[in-house]
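S.K.: Work the whole structure out from these sequences, hints included.
Number of protein chains: 2
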Amino acid sequence: MEEIKQLSKIIKDESRIIYGEKIEKKFLSDTLGRKQGKASALVFVKSTQEVSEVLKFAHKNKIPVTPRGAGTNLVGSTVPFEDAIISDFSQMNRILEIDRENFTATVEPGVILQDFQKYVESLGLFYPPDPGEKMASIGGNIATNAGGMRAVKYGVTRNYVMGLELVLADGTIIQTGSKNRKDTTGLDIKDLVIGSEGTLAVITKCLLKLVGKPESSASLLISYDSLKAGIESVPLILNANINPTAVEFIERKVVEMGENFLNSISPAEKNIHYPDADCKAYLLITFDGSRAEIDAAILKLKEIVKNISRGVFVLNGTEQSANIWRVRGCLVKSVEAVSEQEPLDIVVPISQVDKFVEYVNSLESETGMQMISFGHAGDGNVHLCVVRGSRSEEAWQKELHENLKKLYEHTHILGGLISGEHGLGVSKREFFFGQTPQENVALMNAIKQAFDPEKILNRKISYVK
Amino acid sequence: MEEIKQLSKIIKDESRIIYGEKIEKKFLSDTLGRKQGKASALVFVKSTQEVSEVLKFAHKNKIPVTPRGAGTNLVGSTVPFEDAIISDFSQMNRILEIDRENFTATVEPGVILQDFQKYVESLGLFYPPDPGEKMASIGGNIATNAGGMRAVKYGVTRNYVMGLELVLADGTIIQTGSKNRKDTTGLDIKDLVIGSEGTLAVITKCLLKLVGKPESSASLLISYDSLKAGIESVPLILNANINPTAVEFIERKVVEMGENFLNSISPAEKNIHYPDADCKAYLLITFDGSRAEIDAAILKLKEIVKNISRGVFVLNGTEQSANIWRVRGCLVKSVEAVSEQEPLDIVVPISQVDKFVEYVNSLESETGMQMISFGHAGDGNVHLCVVRGSRSEEAWQKELHENLKKLYEHTHILGGLISGEHGLGVSKREFFFGQTPQENVALMNAIKQAFDPEKILNRKISYVK
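Order-wise, the sequence lines are chains W and B. Quick note: the first sequence uses full-length UniProt numbering, first residue 1, plus one each step. Quick note: the second sequence uses full-length UniProt numbering, first residue 1, plus one each step.
Bear in mind the hints are in silico, worked out from the structure with no lab data behind them. Any given hint could turn out to be false.
Identical chains blur together in the list; that is why a pair holds if it fits in one copy or across any two.
Only pairs whose alpha carbons sit at most 27 Å apart, straight line, appear in this in silico DSS-like list of lysine-lysine [stated by the list, open to error]:
no., residue 1, residue 2
1, LYS213, LYS306
2, LYS209, LYS300
3, LYS35, LYS280
4, LYS25, LYS38
5, LYS209, LYS228
6, LYS56, LYS9
7, LYS209, LYS355
8, LYS398, LYS355
9, LYS60, LYS405
10, LYS153, LYS300
11, LYS118, LYS153
12, LYS455, LYS205
Everything numeric in this text was worked out from a predicted model, so none of it was measured.
M.R.: Listed below in structure tokens is the structure:
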């Protein structure tokens with residue numbers, strides 16, 4: 001494939017283009033690194049114009065293209081196929097504008113979520129989406145419609161994307177959306193592209209909605225005698241007009257795993273401990289707003305859970321709160337320190353969370369495969385680590401596949417979905433096709449065809465046939 | 001076209017099918033009644049299955065179909081063309097389910113907004129979208145992504161649609177969305193259909209998101225020496241973390257027109273008067289939430305506008321508040337009592353509202369054509385009545401067209417859009433094509449092609465080429 005070298009006419013800066021064998025392994029995978037792809041070139045794009053020219057070239061030569069943000073995805077979305085060109089956005093990472101009058105930010109897709117959040121907060125503004133992985137890129141967040149902790153109050157990434165600059169598969173540059181708060185002026189292409197995992201177009205600019213930074217926030221832990229009791233109090237909390245920002249659930253045994261992990265990697269901090277060590281489960285809840293609002297909400301919350309919980313612990317000060325959240329943040333890493341694991345991202349209707357977690361526990365006892373569940377109780381998004389343990393590669397693959405099938409089937413029965421925020425990538429395609437009606441798959445692929453008739457964009461991931 | 005009579009095999013109940021000349025005139029138009037179309041049949045559908053069969057028949061015979069909700073649209077969206085079949089949803093108007101645990105409602109598309117709002121509020125729940133026209137159908141609201149008063153705090157209809165049952169042009173029935181709060185499981189077809197004005201698919205079931213009913217609400221008026229001062233205080237209000245539900249602006253002269261109209265149609269109520277008759281403009285603001293939150297917000301608001309306003313009038317009790325809002329609600333009717341008018345639905349970025357209204361005023365003085373502006377200052381959605389006055393039909397058409405061109409051009413310069421919530425319909429197609437890049441129009445039509453290759457659904461409205 002000698003024509004690939006023509007890319008050097010588009011990306012003239014040699015340091016921004018790497019061919020074939022010289023491409024570092026990490027660019028050929030996702031953050032888990034288990035699946036490795038093949039690429040003919042890796043380009044670090046710097047402008048919309050460059051992206052457009054790379055796509056024109058790829059389209060003409062029918063070469064697949066894999067867009068890549070920070071590569072933090074968990075489902076193989078950035079695994080390149082068939083000697084693809086990897087279009088890496090890490091150098092397109094400028095914050096281009098903050099518009100205080102209209103509460104918007106315009107950023108390039110390579111901006112890192114954490115940097116962006118910090119920056120807007122330093123200006124007294126606030127970007128509500130808060131996925132667990134803070135090192136993800138904004139472009140990646142949009143491609144997967146990332147959700148995160150604060151979705152209970154604020155909604156998901158979709159709710160904060162007002163506009164996108166896109167490059168279509170043939171290199172055409174399109175502006176969608178605007179700074180306007182309402183819009184019924186033709187089809188909503190922007191919302192179709194959000195969550196489409198790079199299959200329809202490449203994002204080159206993001207117009208994001210901001211809100212005023214909340215005056216203050218507070219977190220608290222509620223401890224329970226059983227996970228069931230904890231989950232049962234979630235609808236009571238959501239029903240009480242107290243508007244929590246986040247409602248997370250964690251089993252006590254999972255907390256201990258996180259505490260041990262954190263205390264082992266930084267022994268100086270051996271004092272990270274959740275209160276009420278004898279309980280079986282916690283809800284971790286956050287409120288934000290004015291001090292008075294928060295105080296009123298906490299008062300009401302205590303009343304609501306009085307008879308169903310063991311104790312309510314308002315976290316004092318930033319340090320204690322940060323430590324408690326650090327445990328929540330390190331759960332996946334603490335599992336991975338011990339064993340390989342498969343991360344799941346199931347979402348079920350809020351009313352089904354307890355039934356789903358019950359099912360997971362029964363499947364765990366039945367199969368002997370450890371399953372650690374925790375996640376966003378307030379919006380039904382349950383994260384699950386299915387743990388390999390000491391299984392041989394063969395046994396692991398076989399048993400894992402059987403258990404995934406059961407888990408996704410049960411999810412479907414409960415009215416749930418395979419992915420709440422990670423996306424389908426390559427990992428979940430089989431299960432998606434297994435439980436999505438043929439008519440829906442056909443329509444999605446007809447839309448794909450309208451955007452990208454040569455199927456050069458992410459043709460092996462997500463719903464693409 | 002004798003084959004049309006075969007519809008009687010699908011709709012067997014004779015009272016639900018009317019052919020050709022026997023169709024009442026009101027079904028051949030929108031609520032303004034100025035444009036009249038032609039239809040070969042009017043069917044009052046009662047089930048998804050019927051809709052599917054009607055569409056299969058129409059698709060096979062290449063007969064256009066015009067879906068019709070309550071017919072309250074202002075832009076000719078329900079004007080049938082080319083001997084179309086009108087599929088009327090007024091008898092598909094059942095509320096099918098209220099799911100208290102998941103905060104959802106499932107309704108048929110013919111449910112009237114006002115009935116739905118009342119019903120869910122009687123259950124302690126709340127459906128935030130609140131377009132001016134309360135007699136519109138939920139299906140119509142979704143087809144135009146209707147916005148309304150409360151969009152400042154709560155967002156638009158899109159934000160409250162969790163799922164749609166759709167019938168595609170060829171009769172295929174599709175389920176999109178679900179009761180899940182997060183979703184990255186394939187393409188988001190639901191959001192593409194919202195706001196597509198019936199061009200992609202026919203809506204047969206709506207899964208809506210509800211919230212808890214706010215404990216209480218309060219409205220207040222702020223009076224100003226100039227509209228400019230009023231509009232200038234809007235960003236201060238939006239910036240203050242007081243989360244207003246609605247922020248409307250009205251010029252004093254427009255208020256007087258509304259007062260006179262209301263007092264003339266019901267002389268017993270001659271006491272409907274806005275305070276501070278010497279001012280030039282008002283902001284009408286609503287808060288909702290707990291009593292304490294609202295009191296805190298009002299206190300803060302008074303402080304913010306102290307130096308820029310003439311007075312702040314907290315509306316006492318339900319009756320005064322209702323009367324003030326009645327004037328706001330009757331503005332279009334009070335114009336229409338005097339003269340024909342063209343209703344506009346322009347949206348501009350919040351920061352541009354004052355510039356837009358200034359332009360309208362200068363255009364009014366320049367051309368002598370009366371233009372009454374009022375609307376949603378908090379989200380930039382300015383409603384404009386361009387008034388015919390005593391012009392001859394010919395002069396009115398000519399001058400109106402010239403002025404619309406200027407208004408839409410200036411909107412475009414300010415970064416605004418032709419339609420915030422009414423849709424393009426047939427009325428605004430010319431202006432839409434005039435200022436939308438060719439690439440966007442081409443992509444929209446490629447998507448249309450993927451959904452409806454025979455173009456039987458609303459082929460003369462909106463963006464459809």
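S.K.: Quick one: LYS455 to LYS205, C-alpha cut-off 27 Å, is that within a copy, between copies, both, or neither?
M.R.: within (22 Å within a copy, 33 Å between copies)
S.K.: Checking LYS60 and LYS405: alpha-carbon separation at most 27 Å within a copy, between copies, both or neither?
M.R.: neither (40 Å within a copy, 40 Å between copies)
S.K.: With 27 Å as the alpha-carbon cut-off, assign the pair LYS25 and LYS38 to within, between, both or neither.
M.R.: Only inside one copy: LYS25 and LYS38 sit 9 Å apart there, 64 Å across copies, limit 27 Å.
S.K.: 27 Å Cα cut-off: does LYS56 pair with LYS9 within a copy, between copies, both or neither?
M.R.: within (13 Å within a copy, 52 Å between copies)
S.K.: From the Cα coordinates, with 27 Å as the cut-off, is the pair LYS209 and LYS300 best called within, between, both, or neither?
M.R.: Between. Shortest inter-copy distance 24 Å satisfies the 27 Å Cα cut-off; intra-copy 31 Å does not.
S.K.: Is it within, between, both, or neither for LYS153 and LYS300, if the alpha carbons may be no more than 27 Å apart?
M.R.: both (17 Å within a copy, 23 Å between copies)
S.K.: I want to check one pair: LYS213 and LYS306. Are their C-alpha atoms no more than 27 Å apart within a copy, between two copies, both, or neither?
M.R.: For LYS213 and LYS306, only the inter-copy Cα distance (24 Å) is at most 27 Å; the intra-copy one is 31 Å.
S.K.: Given a CA cutoff of 27 Å, do LYS118 and LYS153 count as a within-copy pair, a between-copy pair, both, or neither?
M.R.: Intra 20 Å, inter 25 Å, cutoff 27 Å: intra and inter.
S.K.: Between LYS35 and LYS280, at a C-alpha cutoff of 27 Å, which is it: within one copy, between copies, both, or neither?
M.R.: Result: close neither inside a copy nor across copies, 36 Å intra and 67 Å inter.
S.K.: State whether the alpha carbon distance between LYS209 and LYS228 is at most 27 Å within one copy, between copies, both, or neither.
M.R.: between (37 Å within a copy, 25 Å between copies)
S.K.: Given identical chains, is LYS398 near LYS355, meaning Cα to Cα at most 27 Å, within a copy, between copies, both, or neither?
M.R.: Only inside one copy: LYS398 and LYS355 sit 26 Å apart there, 66 Å across copies, limit 27 Å.
S.K.: Taking 27 Å as the upper bound on the Cα-Cα distance, should LYS209 and LYS355 be classified as within, between, both, or neither?
M.R.: Cα proximity of LYS209 and LYS355: across copies only (22 Å, versus 36 Å in one copy).
Hint violations for this structure: numbers 3 and 9, all remaining hints satisfied.
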